[in-house]
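*Asks:* Residue numbers (our numbering): 68 to 199.
Calculated directly from the structure, the hints in this document are not laboratory data. Glycine residues also receive a C-beta, built at the ideal position from the N, C-alpha and C atoms. Treat each hint with caution, since some may be false.
To be verified - Computed beta-carbon distance windows for the label pairs:
| # | residue 1 | residue 2 | range |
| --- | --- | --- | --- |
| 1 | 81 | 123 | 15 to 25 Å |
| 2 | 154 | 175 | 28 to 38 Å |
| 3 | 170 | 102 | 34 to 44 Å |
| 4 | 111 | 146 | 28 to 38 Å |
| 5 | 138 | 110 | 36 to 46 Å |
| 6 | 109 | 198 | 34 to 44 Å |
| 7 | 111 | 84 | 35 to 45 Å |
| 8 | 101 | 174 | 30 to 40 Å |
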Amino acid sequence: MVQTQIPDPIAFASSIDGVENPLPLFQAAIEQGNEALRVRFEQGDPITTLVALRAQTVDNLLTEAWRLKMPPDAKAALVAVGGYGRMELHPGSDIDLMILLDDADPDRHSETLSELLTFFWDIGLEVGHSVR
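Please construct the entire structure, taking both the sequences and the accompanying hints into account.
*Replies:* This is how it looks when you write it as structure tokens:
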């Protein structure tokens, strides 16, 4: 049965807690979100609504990936920029991100950030990023 609902962020967050390998759950959530948006497009929903929903869906997933991968004490922020930052994420668009780090020790999280960005790609997101 095809899921035609956008993944619920609270239910998704609960579903990944304690899971050893959450990658398949993230991949499934992206597929579910894409399918739900495709169905809504075919039903005639306004494009402005759909691109905002796509951005919100991606935002929810990136937030959860950040929560899983970054240490709670990290002095860092994940910032949406570009079309994604304007909540206008079209199908096939890359996700533009800026990662802000505490300048006291900018290399402190380099390995973690590398793993995080790899995770973003592995779940099926095309990410463009800068680190400042």
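*Asks:* Do residue 101 and residue 174 keep their Cβ atoms within the hinted range of 30 to 40 Å?
*Replies:* 36 Å, holds
*Asks:* Do the beta carbons of residue 109 and residue 198 sit within 34 to 44 Å of each other?
*Replies:* 39 Å, holds
*Asks:* Between residue 111 and residue 84, does the C-beta distance stay in 35 to 45 Å?
*Replies:* Since the Cβ atoms of residue 111 and residue 84 sit about 37 Å apart, the hinted range of 35 to 45 Å holds.
*Asks:* Taking 36 to 46 Å as the hint, is the beta-carbon distance of residue 138 and residue 110 inside that range?
*Replies:* 43 Å, holds
*Asks:* Is the distance from the Cβ of residue 170 to the Cβ of residue 102 consistent with 34 to 44 Å?
*Replies:* Check passed, 42 Å falls within 34 to 44 Å.
*Asks:* Could you tell me whether the CB distance from residue 154 to residue 175 stays inside 28 to 38 Å?
*Replies:* 31 Å, holds
*Asks:* State, for the Cβ atoms of residue 81 and residue 123, whether the hinted interval 15 to 25 Å holds or is violated.
*Replies:* 18 Å, holds
*Asks:* Can you let me know if the beta-carbon spacing of residue 111 and residue 146 is within 28 to 38 Å?
*Replies:* Holds - the Cβ-Cβ distance for residue 111 and residue 146, about 33 Å, lies within 28 to 38 Å.
Comparing the model with each numbered hint stated earlier shows that all of them hold.
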